[in-house]
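Student: With chain A's structure known, arrange chain B on it following the hints.
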Amino acid sequence: SAVISQKPSRDICQRGTSLTIQCQVDSQVTMMFWYRQQPGQSLTLIATANQGSEATYESGFVIDKFPISRPNLTFSTLTVSNMSPEDSSIYLCSVEDGANSYEQYFGPGTRLTVT
Amino acid sequence: EDKVVQSPLSLVVHEGDTVTLNCSYEVTNFRSLLWYKQEKKAPTFLFMLTSSGIEKKSGRLSSILDKKELFSILNITATQTGDSAVYLCAVGGAQKLVFGQGTRLTINP
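One line per chain: the protein sequences are A and B, in this order.
Residues in the first sequence are numbered from 8 upward in steps of one, following the numbering used here.
Residues in the second sequence are numbered from 3 upward in steps of one, following the numbering used here.
With the rest of the complex left out, here is chain A:
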């Protein structure tokens, strides 16, 4: 399976600021996804990061708040903009395994705390 890294691992940010999270995969993958996990909750899909085109956002998530880049088949970034304490969550990127196309593997996650 693909090896996925995320940076930063954790951060504490002040409200009103923005944070960019990076996701790097050790192989080329078609599908990359960004999830949010709020405290005590399950995972919610934010968007699908498409290479060469705009990300596809799920209901309740907008590009102005969560801009995503996907410059190539091994890298993506998610920015959490104009943060508020409600954005405190774990943010996870995942990829679909090309060989077993429906299996999704997750990066180590970024724990964000907004004060």
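It is possible that part of the hints are untrue.
[As the list claims (entries may be wrong)] Listed next, with one range per pair, are the computed distances between beta-carbon atoms:
#1 A80(B) with S76(A): 42 to 48 Å
#2 T52(B) with G23(A): 43 to 49 Å
#3 S88(A) with N110(B): 30 to 36 Å
#4 S76(A) with G55(B): 40 to 46 Å
#5 T108(B) with N57(A): 35 to 41 Å
#6 T108(B) with P15(A): 28 to 34 Å
#7 Q48(A) with T20(B): 24 to 30 Å
#8 H16(B) with N57(A): 45 to 51 Å
#9 T52(B) with F82(A): 25 to 31 Å
It is worth saying that the hints were derived from the structure and are not from the lab.
Treat the numbers as computed from the prediction; the structure is a model and nothing was measured.
Glycine included, C-beta positions come from ideal geometry on N, C-alpha and C.
Tutor: Just chain B now, kept in the frame of chain A:
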């Protein structure tokens, strides 16, 4: 709307017990059902099931899918304290995973 429901939400057992975790779903364009173990941040992949009645097994863990009744179970035999985690069920629809709430499993020595 696609929905995945796990039960129980929380389970506490003693080391050595066998546990069964449940996952039911309503998803359009079903592709797969996946089980994950989440201990800290990142969910770790356990199984993917696509066909009914075929058991997937890895050590003390096993899982099976019933596509007619729309549910899956995850069994853990001879539980160990290291099995303590949140177990997540996710169902793949149209290129998207929908997650259940998770089952928090605690194994006491």
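Student: Now tell me, hint by hint, if it's right for this structure.
Tutor: Now the hints, each set against the structure:
no.: 1; hint: A80(B) with S76(A): 42 to 48 Å; result: holds (46 Å)
no.: 2; hint: T52(B) with G23(A): 43 to 49 Å; result: holds (45 Å)
no.: 3; hint: S88(A) with N110(B): 30 to 36 Å; result: violated (44 Å)
no.: 4; hint: S76(A) with G55(B): 40 to 46 Å; result: holds (43 Å)
no.: 5; hint: T108(B) with N57(A): 35 to 41 Å; result: holds (40 Å)
no.: 6; hint: T108(B) with P15(A): 28 to 34 Å; result: holds (30 Å)
no.: 7; hint: Q48(A) with T20(B): 24 to 30 Å; result: holds (28 Å)
no.: 8; hint: H16(B) with N57(A): 45 to 51 Å; result: holds (48 Å)
no.: 9; hint: T52(B) with F82(A): 25 to 31 Å; result: holds (30 Å)
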